[in-house]
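4 protein chains.
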Amino acid sequence: MLERLKEELYRLHLELPKNELVKWTGGNVSARDPETGLVVIKPSGVRYEALRPEDHVVVNLDGEAVEGALKPSSDTASHLYIYRHRKDVNGVVHTHSPYATAFAAVGRPIPCCLTAIADEFGGPIPCADFALIGSEAIGEQVVQHIGSSKAVLLKQHGVFTIGETATAAVKAAVMVEDIAKAVWLALQIGEVMDIDPESVKKLHDRYTHVYGQ
Amino acid sequence: MLERLKEELYRLHLELPKNELVKWTGGNVSARDPETGLVVIKPSGVRYEALRPEDHVVVNLDGEAVEGALKPSSDTASHLYIYRHRKDVNGVVHTHSPYATAFAAVGRPIPCCLTAIADEFGGPIPCADFALIGSEAIGEQVVQHIGSSKAVLLKQHGVFTIGETATAAVKAAVMVEDIAKAVWLALQIGEVMDIDPESVKKLHDRYTHVYGQ
Amino acid sequence: MLERLKEELYRLHLELPKNELVKWTGGNVSARDPETGLVVIKPSGVRYEALRPEDHVVVNLDGEAVEGALKPSSDTASHLYIYRHRKDVNGVVHTHSPYATAFAAVGRPIPCCLTAIADEFGGPIPCADFALIGSEAIGEQVVQHIGSSKAVLLKQHGVFTIGETATAAVKAAVMVEDIAKAVWLALQIGEVMDIDPESVKKLHDRYTHVYGQ
Amino acid sequence: MLERLKEELYRLHLELPKNELVKWTGGNVSARDPETGLVVIKPSGVRYEALRPEDHVVVNLDGEAVEGALKPSSDTASHLYIYRHRKDVNGVVHTHSPYATAFAAVGRPIPCCLTAIADEFGGPIPCADFALIGSEAIGEQVVQHIGSSKAVLLKQHGVFTIGETATAAVKAAVMVEDIAKAVWLALQIGEVMDIDPESVKKLHDRYTHVYGQ
Chain A
1 MLERLKEELY
11 RLHLELPKNE
21 LVKWTGGNVS
31 ARDPETGLVV
41 IKPSGVRYEA
51 LRPEDHVVVN
61 LDGEAVEGAL
71 KPSSDTASHL
81 YIYRHRKDVN
91 GVVHTHSPYA
101 TAFAAVGRPI
111 PCCLTAIADE
121 FGGPIPCADF
131 ALIGSEAIGE
141 QVVQHIGSSK
151 AVLLKQHGVF
161 TIGETATAAV
171 KAAVMVEDIA
181 KAVWLALQIG
191 EVMDIDPESV
201 KKLHDRYTHV
211 YGQ
Chain B
1 MLERLKEELY
11 RLHLELPKNE
21 LVKWTGGNVS
31 ARDPETGLVV
41 IKPSGVRYEA
51 LRPEDHVVVN
61 LDGEAVEGAL
71 KPSSDTASHL
81 YIYRHRKDVN
91 GVVHTHSPYA
101 TAFAAVGRPI
111 PCCLTAIADE
121 FGGPIPCADF
131 ALIGSEAIGE
141 QVVQHIGSSK
151 AVLLKQHGVF
161 TIGETATAAV
171 KAAVMVEDIA
181 KAVWLALQIG
191 EVMDIDPESV
201 KKLHDRYTHV
211 YGQ
Chain C
1 MLERLKEELY
11 RLHLELPKNE
21 LVKWTGGNVS
31 ARDPETGLVV
41 IKPSGVRYEA
51 LRPEDHVVVN
61 LDGEAVEGAL
71 KPSSDTASHL
81 YIYRHRKDVN
91 GVVHTHSPYA
101 TAFAAVGRPI
111 PCCLTAIADE
121 FGGPIPCADF
131 ALIGSEAIGE
141 QVVQHIGSSK
151 AVLLKQHGVF
161 TIGETATAAV
171 KAAVMVEDIA
181 KAVWLALQIG
191 EVMDIDPESV
201 KKLHDRYTHV
211 YGQ
Chain D
1 MLERLKEELY
11 RLHLELPKNE
21 LVKWTGGNVS
31 ARDPETGLVV
41 IKPSGVRYEA
51 LRPEDHVVVN
61 LDGEAVEGAL
71 KPSSDTASHL
81 YIYRHRKDVN
91 GVVHTHSPYA
101 TAFAAVGRPI
111 PCCLTAIADE
121 FGGPIPCADF
131 ALIGSEAIGE
141 QVVQHIGSSK
151 AVLLKQHGVF
161 TIGETATAAV
171 KAAVMVEDIA
181 KAVWLALQIG
191 EVMDIDPESV
201 KKLHDRYTHV
211 YGQ
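Protein chains in written order, with our numbering: chain A, 1 to 213; chain B, 1 to 213; chain C, 1 to 213; chain D, 1 to 213.
Bear in mind the hints are in silico, worked out from the structure with no lab data behind them.
Glycine is no exception: its CB is placed at the ideal position from the N, C-alpha and C atoms.
Check each hint, because a few of them may be wrong.
Okay, derived cross-link-like pairs now, DSBU-like style, lysine-lysine, Cα gap no bigger than 30 Å in a straight line [what the hints assert, rightly or not]:
| hint | chain 1 | residue 1 | chain 2 | residue 2 |
| --- | --- | --- | --- | --- |
| 1 | D | K71 | C | K71 |
| 2 | B | K18 | D | K18 |
| 3 | C | K71 | D | K201 |
So the derived list for chain D, only partly shown, Cβ under 10 Å to chain C, looks like this [as the list claims (entries may be wrong)]:
| hint | residue |
| --- | --- |
| 4 | N19 |
| 5 | L38 |
| 6 | V106 |
| 7 | T115 |
| 8 | D129 |
| 9 | L132 |
| 10 | M175 |
| 11 | E177 |
| 12 | I179 |
| 13 | Q188 |
| 14 | V192 |
| 15 | P197 |
| 16 | L203 |
| 17 | R206 |
| 18 | Y207 |
| 19 | Y211 |
Just chain A, with the same shape it has in the complex (with noise of 0.2 Å):
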């Protein structure tokens, strides 16, 4: 079931490495299914060479087995919980990418100074408190501190992603690491402002209507 899915989350999961978000089985996709509300996730600790389409594991969104021989990530139910209070998402992506985990590390929001960062996130990027994994308490974290962003920061933790697709919240994930590195490179050297809200608030407009094909 829901094979075109996990075609899409099998080529997603390959970004991941090749962006040099994750190391070994760290890190993790997964994408609701608009029509059937079923969500499909990585397996737990697999890493990404040896993941196949297949392997990929179906969900309720109640944390229900659908279908699947492997248990699935250990931060399922997080997913899950994201999913039922945000209508808008079909897509959330986890990782420890260095360059945002650093800012996680300390507990540091990520200020909107570059054009880029307002395109694509339409402010700072927040960071949540600290909580444990394995239960919900993450994806509650996520839900209350991320806001209009599609990127969170987890204290002490790593960064979750959120998007209409999983393609988008990949794409989200590949580019907060990037600009989490061209600011925290910013940082050894001078200081930097804040973009002003007009501005950010244009700059966001146009990347989300115009920007594209």
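Starting from the known structure of chain A, arrange chains B, C and D on it as the hints suggest.
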């Protein structure tokens, strides 16, 4: 039309991710055909992996679509502004390469403190003011601040490079990131010093007229 | 003899350059065969590109050559010391991976300030004293300082990791560099905080017993 | 002529971009043929992707062209100066590898604070004075400052390495960047300490005479 130029741009666009200058759909290269004056440019928001030679868009110097099924880059007006004001330029590149962007984020020019900077750029890399994306405002900043350099930083944004050909502009984009990284690294462990102007001139003259085949 | 183990080591050795843990001929992996107690290890000074399964050297726990045309790694005596003193260990990895080595260079343990550290290592990464290469002195340092961790820094040298299998030890080598990088980055932009011991224990228990298939 | 040496240089030149030591056309390797005393070197300004074995240029120790359709590297006079003054050297490498170049930019030697530095270099990496490119002035700086090391920094420029063979010189170029990175990283999180001279000697002797096959 302009098939050879599209093929060249196709190959040059692949250099951007290969040299870690861009992520996902960011960045763009354009080339002016010296005979017709037409400009070929990347379509807006297309991933590098998916980009084919025939996807490139042809516009005239006034920004009117001449050929192409796709929408041109949202930086097109700025590329065209540069071409209209710099008859010597037939290639323009825009990236958010991380080390150069770090200098741009804090509005700090890159000093001419390494022979590689004198060789390729003949002086420091200047930093232009902030401008919004989508109009020719960025092109104006580039023309106003780039002087005799091949690269200019855009405050809180990224970097533009120019060249007599698109290949030369891409080379400048690769080199500006390379020297931005070395200077950034140097600033963390000591003080950098400007090379004296006479040596800069000698190095730049030799590199421009003697180096290469 | 031990063909399957040599094949596994061959594949694992390729993970070291792929994950940017080693350069040229540096670093090595060994595995103990649980049935015979024999140890298979990288030959000394061979490049990863040239290394073949049959090039691996077999020695017994006293360091006597059992099979192999090549000289074993100059770290062999230290690997064997670890195997003799840790019955639970069947895989050992040594690298000079740059971020972990930076902590080792200044003799600084890596604090348990990220969930990924609690997950994989169950506490901070300790730092052993300086010891010369070639005898079992490094093995003594590893056994004395590693405690219940899977990784230990060697002062002014690099890092050793251990595991129940060679694959587990390589995973630990990949993860210690990953978390060393994130913590190093964090230290440049703020203060890191230890995760409280109870949460560390919960995270490590879950990761050890629930995570994975 | 010297086909085997050209083939070796071809393969070694590909190691430079692969190990992130060079960008675009920067950097070069040369080799002296011990029998004829002739030197084979990279042609000037050719991209690594385009370089073929037969493109390498043969010159004699006085810099006279012996074979080759292309112009030799603009660093040729400095390579030849090194060969004329160091009978023990048959390979020379020049790069602007970023971490080593950062130390060069600020005129700071790399201290012998890691076993890997003692192993490969037997002491700190010295820093030579500034010299212009194109004459043998850089070669003079290299010979004057390199001492018994295999690597020397060139102030505000980059790095030269030497070896008994071109392969040994390329290994030194890879290793000097590797240790430059580790030391650079260490300097951001603490104080590095010199290894005591007796241990440096023991490590270097073992690495030179015992390590490898």
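Against the structure, the hints:
For the hint pairing K71/D with K71/C, the CA-to-CA distance comes to about 44 Å; that exceeds 30 Å, so the pair is violated. For the hint pairing K18/B with K18/D, the CA-to-CA distance comes to about 12 Å; that is within 30 Å, so the pair holds. Pair hint K71/C plus K201/D holds up; C-alpha atoms about 23 Å apart against a cutoff of 30 Å. Taken as an interface hint, N19/D checks out: its beta carbon lies about 7 Å from the nearest beta carbon of chain C, inside 10 Å.
A cut of 10 Å between beta carbons decides the hint on L38/D: the least distance to chain C is about 28 Å, and the hint is violated. Given hint, V106/D at the interface with chain C, is violated; its Cβ is 18 Å from that chain's nearest Cβ, farther than 10 Å. Nearest Cβ of chain C to the Cβ of T115/D: about 5 Å, under the 10 Å cut. The hint holds. At its closest, the beta carbon of D129/D sits 28 Å from a beta carbon of chain C; the interface hint therefore is violated under the 10 Å criterion.
The beta carbon of L132/D is not positioned within 10 Å of any beta carbon in chain C (closest approach about 32 Å), and the interface hint is therefore violated. Because the closest C-beta pair between M175/D and chain C is about 7 Å apart, less than 10 Å, the hint holds. At a threshold of 10 Å, the smallest CB-CB gap from E177/D to chain C is about 8 Å, leaving the interface hint in force. Hint status for I179/D: holds, given a least beta-carbon distance of 8 Å to chain C, under 10 Å.
With a cut of 10 Å, the hint placing Q188/D at the interface with chain C holds, because the nearest CB-to-CB distance is about 6 Å. Hint status for V192/D relative to chain C: holds, with the closest Cβ pair at about 5 Å, below 10 Å. Checking P197/D against chain C by beta carbon gives a least distance of about 13 Å; that is not within 10 Å, so the hint is violated. Hint status for L203/D: holds, given a least beta-carbon distance of 6 Å to chain C, under 10 Å.
A cut of 10 Å between beta carbons decides the hint on R206/D: the least distance to chain C is about 5 Å, and the hint holds. Among the interface hints, the one on Y207/D holds; its C-beta lies about 8 Å from the nearest C-beta in chain C, closer than the 10 Å criterion. With its C-beta approaching chain C no nearer than about 5 Å, Y211/D sits inside the 10 Å limit, and its interface hint holds.
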